[in-house]
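Asks: Sequence:
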Amino acid sequence: MTMTMRNNLVLAVAMLGGCVTAPGDGGPSEIPRLTGNALMPAQLAETAVTTAVLDATSAAAMTPSLAAVKVLDYAVGCALASTQSITFTTNGSTYTVAGEMGIAPGWVTAGLSPAEASWVSACVLSRVNFAGVMVSISDRGAATGLDASAAELAGYQVEEGAFWGNVFADLGPLAPYSCDGVDQAANDTYGDLPLRQCAQPDGVPGSNLSPCGMHYAGLCSDVCATSAPYAGCVFPGETAADSVVTTFLAGTPQ
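First residue of the sequence shown: 15, per the working numbering; consecutive thereafter.
No wet-lab data here; the hints were simulated from the structure.
Don't take each hint at face value.
Quick list of the computed label-pair ranges, beta carbon to beta carbon [claimed, not checked]:
1) Glu60 <-> Pro267: 31 to 37 Å
2) Ala124 <-> Ser96: 18 to 24 Å
3) Ala59 <-> Gly125: 20 to 26 Å
4) Ser99 <-> Gly251: 36 to 42 Å
5) Pro267 <-> Ala183: 36 to 42 Å
These figures come from a predicted structure and were not determined experimentally.
Backbone N, C-alpha and C fix where the C-beta goes; we use that ideal spot for every residue, glycine too.
Working from the sequences, and respecting the hints, build out all of it.
Replies: Structure representation (structure tokens):
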């Protein structure tokens, strides 16, 4: 299933003394949940995920802050299958984060390969949401776990854009890239597109960034080697990326 609606996460456990605040959530909750596609750019900036084999010890090391917990949740959701989860304790709270898409289910037994890390990174970047609210998206690409069902193809036809780069701290600095899809470029006020915005230019003269701070490469149709779902996308002056996730939103193009 490639439709990423992350509202099924977690649960955890109580801190001594009472309620726990959910990552990215403004108030207290007895059951913190990491909801939907609501990973915000500022939270992504605190990524501490690594490619080390995923277990309780490494997960705790990857989550020095609540924002880092949320990034790990999305990384696990991208990498592990729906039958998998990982439980860890950090900063006095215990979390169980669940798999969803199954791009790299072997992460629980071995460190991620460079190719797996690239695909998981692209998936995580595709789920960054400028508005910080839950938006259902369809992630598509050539990796396992990103093949869309017939129902998904029919229900999610609004092409937002594509994403690639790196979110793993042991592989270098955070490096998010995006390009603008045909439907967003045509009308970025349509449907749920205003709630996303990370694949489009920020409109600042001379800028090469998206509103989310990602490196904006241009129109996907210009900078990628294939049609959607895109591959071989390149930011000017850099090497083309084959691990690219293309996002579609609910509805049909205008």
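Asks: Taking the beta carbons of proline 267 and alanine 183, is their distance inside 36 to 42 Å?
Replies: Check passed, 38 Å falls within 36 to 42 Å.
Asks: Between the beta carbons of alanine 59 and glycine 125, is the distance compatible with 20 to 26 Å?
Replies: At 24 Å between Cβs, range holds.
Asks: Does the hinted range 36 to 42 Å hold for serine 99 and glycine 251 at CB?
Replies: Holds: the Cβ-Cβ distance is about 40 Å, inside 36 to 42 Å.
Asks: Return holds or violated for the Cβ distance of glutamate 60 and proline 267 against the range 31 to 37 Å.
Replies: The hinted range 31 to 37 Å holds for glutamate 60 and proline 267, with Cβ atoms some 35 Å apart.
Asks: Per the hint of 18 to 24 Å, is the separation of the Cβ atoms of alanine 124 and serine 96 within bounds?
Replies: Cβ of alanine 124 to Cβ of serine 96: about 20 Å, so the range 18 to 24 Å holds.
Every hint, counting from the list given before, is met by this structure.
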